Structures are given as structure tokens and as C-alpha cells.
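*Asks:* Single-letter residue listing:
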Amino acid sequence: MFPLYRFRKYKPLGIAFVVVIFLLSARSLITYFFVKFPQNLIFSPSFYKELIKLKKEKLVLQMKIEELKSLKEENQRLRKSLKIFKKTPFLGNLICKEVIGWSPSFWRREIFVENDEKIKEDALVLNEEGFLIGKVTHKKRRYAVITLLNDPQFFLPVFIENKGRALLKGNLEDLKLLYVEETQKVKKEDRIWIKEKNFNFPIYIGKIINLRKSKNSFFLEVEVKPFASLSLIEEVFILNGKN
Amino acid sequence: MLFLDFLRPWGNIFYTEFLLLGIIFISLEDTSFFSFYVSLFFGMLKDFFSLSFPFYTFIFLLLNRVFAHLKKYFSSYRFFKFFSLGAIFIFYTFINNLLQKFFSVKFSLLFLFHSFFLFLLLEKIFKRCLQKSS
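So the protein lines, in turn, are chains A and B. The numbering of the first sequence is our numbering, which starts it at 1 and goes up by one. The numbering of the second sequence is our numbering, which starts it at 1 and goes up by one.
No incorrect hints appear here.
Taking beta-carbon pairs under 8 angstroms as the criterion, some of the chain A residues facing chain B (in silico): (1) Gly101; (2) Trp102; (3) Ser103; (4) Pro104; (5) Ser105; (6) Phe106; (7) Trp107; (8) Arg108; (9) Pro152; (10) Leu172; (11) Glu173; (12) Leu232.
Calculated from the structure, these hints are not laboratory results. Here the structure is a predicted model, which means the values were calculated and not measured. From the three backbone atoms N, C-alpha and C, an ideal C-beta is built for every residue, glycine too.
Chain B on its own, in the form it takes in the complex:
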């Protein structure tokens, strides 16, 4: 996922960060400390490439722990996943806009919709792959 962000084979067509989608996927699937360490490692790697240490490390760890707690208490609710995903994408967009002192409604909405759509698509693909391998 980090390589997709780093190499951008499709340029800037997709308004999303693939590593963020990967971190959300692993945080949703696994609430143990394995996903915590994965978030820590990839957050640090992303900070290393984007020269912004410790911003992404902190954000990814925060996302991981927030998902773990939300899943613990609210996972029985019907639209838990959609609401939590929406909240996370809005929070992430807001924090990044603030950091770069940049604001555009069009950009933020495109990021939200593209990330939502791609996350659901990738989740389906990953789950199918996991089912096949097991």
C-alpha cells in the first residue's frame, strides 16, 4: 500500500492514500497489538518519506486505538462500519488541511468519496483473497 502511494502508478487520479486504507482495514479486522505495531511501523515509514515525523506515526496509532475501542463497544450497531469510516476520513482530511493550511470543499469531498469507495472495493478483494488462501 505504501508503494502505491510512493510510486503513484495512476498519478493523482484517485483522491486517496492507500496506506491509510490499509491501516484502517487492519485496525478493523484485528484489534490486537499486532495491528498496533503494524500502524507504528508504517506510520514511521511514511513519516520518513514525507519528512513529517512524528505526525503520521501519531495519527495512525490514534486511528488504530480509536478503532479498537469503537469495535469493542459499538460493533453490534448496524451501521457501525460506515459511520466510523466516515468519521475517520473526515477527521483525517481536517487534520491534513489544517497542517497544510489548505482548504477546498471540492478536494475534501472527493477525498471522502474516493476513499470510501476504494476502501469498500479493496476490503472485498482482500476478504476474498483471505478466504481463498484459508
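The following block holds chain A by itself, in its conformation from the complex:
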């Protein structure tokens, strides 16, 4: 005969198993009694359905309001830019792109924008106020990389008012002008600018905020503050070089 007494010690386990199976199969019944039944006592089922529908609609409308708010802000920014660019020969030669990301390294100041056939490498990039913020350095299949003015790898030959030329270098926090001689007679508040080869129009970059003579160098140490904010950038305008 089969020794059933051997399995007697597993009796509580068996009971627990049966209870779990019962609870699982009767889940909808239990939910009805403990959740839906009290709700039905308070609201009628149709009223409750209407409430849920309204809650969903409210959420969708709230999201739409947020979307419209951001679109309104974007519209205002672009209108302001249009007013500024109308006075320049760049209008019609600019590609507006939204910034999709930043370089994750804190030692680099590079931004990513969606790629476009019209974007060319080394193209200058302006902000919504028409000031230079950087240039396009790489182009990949899906995105283009813009190196900002304050990136340590950024170099650009520029003009200092009408006093001559110098080399602009990024320095993470501010910008530096290299190879500025004393004979150039540069002073504080002098503006730095650049001219794109296809447009006979100056693009302003920043102004000199500090300059001092170095003992160990022939050249002056010059610090430049950019006119454009390089911290929070949402849209950029890329010059595509046609005139």
C-alpha cells in the first residue's frame, strides 16, 4: 500500500497551494466586491466611466496646454530673430535647427543638431540675436556637431574692431585672444568680429574684458566675453554660405 503518512508533513503546503489557486481564479470576484462594489455604491457605473473619461481628457488637455506654451515661447524667440536677421544679408541663407543634445563630457562644449544636406563643415553658427556661437565641425549621417566658442579645441581667426587680427581660442569659461601685440593698441570694451567670405557683413562675437602684459611673452594676454549666452541654447542658425 502507498505510504500516505509520509506526505502528512506537507499538508500546510498543500492547503496554501489550494488557497492561492482559489484566490487567483476568484480574483475578479474579489476585486469586484472589495473595489468596484463600494465604488458602485457611491457612483453609478455610467457616472464612474464618465469620470474616468474626463480625467483622461483633462490630462490630454494639460499636456496640450504645456505644448502650446512651449510653442508660443518658441514663436516669440523666432519672431525676435526674424526682426534681427531682416536687417542683415543672412536672411534666406540660414538653417534653423533645434539643439538635440550636448557632449556628455564637461570638458567639451559641443552641441548636436539634426543633420541636413545643406549644412556644411566649418559653417558659422549664430544665435537668435545674430551673434556668433560656434562652427560646424563634424557631420555624421544623422547629426551634425557644433563646437561652441568656449570649447578648448575651438580656434578662429578674428578681427579686433579695425585694429588688426588675432586668434580666438575657447577656454571653457571665457575666451582668449592669442597673438595680440602691444602696437595694435587694443583696449577694454573693443569688439571682436568676423566676416564670412560670402557676406560683406560683420558678425560680432564678444568684447574684450581684460588685458594684461605678460613678462614671458611678446604678446598680450587678452580675455574676451562672448555676447551670446553659451550655457542654455535651444535653437541655432547655421549660415549655409550662399549669397
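Got chain A; can you put chain B on it based on the hints?
*Replies:* This is chain B only, laid out in the frame that chain A set:
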């Protein structure tokens, strides 16, 4: 954490790299090979976005293994965490400054202090979340 570095919702207000803080947190909490693979994966992802392969992959793996060994031998010391964090941030700043040929005392000090402060803050938040979920 990588998304915070990639999207920079606060611009450049915080002088820190959130992914670095995340890697340090996981390396401190878990010395097994799980944290090693996490460091490897996110190091490669960061290299992909910052076009610098294999710099960050190597640095993050190195940090992970160094933390594992330090924890094994020195975790009983009282100020182990503060000293190791300080050493790691200084090393990371130095290596990045060298790579970019850039040096600024103000920038390096700000990076050190911001990273320290934010790491301790995020650690507190993460630990509280983990306690709640368990």
C-alpha cells in the same frame, strides 16, 4: 545619469558629470562584476557621444576596479569614502585637463566641490529610494 549629461537641463550650472557620479556610486555599493559591466557599457556609450573612444571606457573601468580593491582593503578606515572620493575627483580632473590641454585652478576646484556635494546628495536620495523600495 547619462541623459542628464547629454541634455543638460540646467546648462552648465553644476560643474560635474552626472554619469561619473553614477559610476562611482555603483562601484562603491557593488564590487561584483555587475558594476564592472555597467561601467564598461556606460563608458562605451559616453565615448560614442563624445567621439573619444576608448578614453572614458578605460577610465570608468579603471575607477571601478580601483574602488573594488580600495574597498576590499581599506573600507574599515573611518574616512575611507571621503579620501577615495577626493582622490578620484582630483585624478579625473587632472586626466581631463591633460587631455584637453587646459588648466584652470578655479574650474578644477569648482569641479571638485560641486562633484563632492552632488555625490553626497545623490547618494542620500538613492539610498532612501532603495530603502523604500525594499
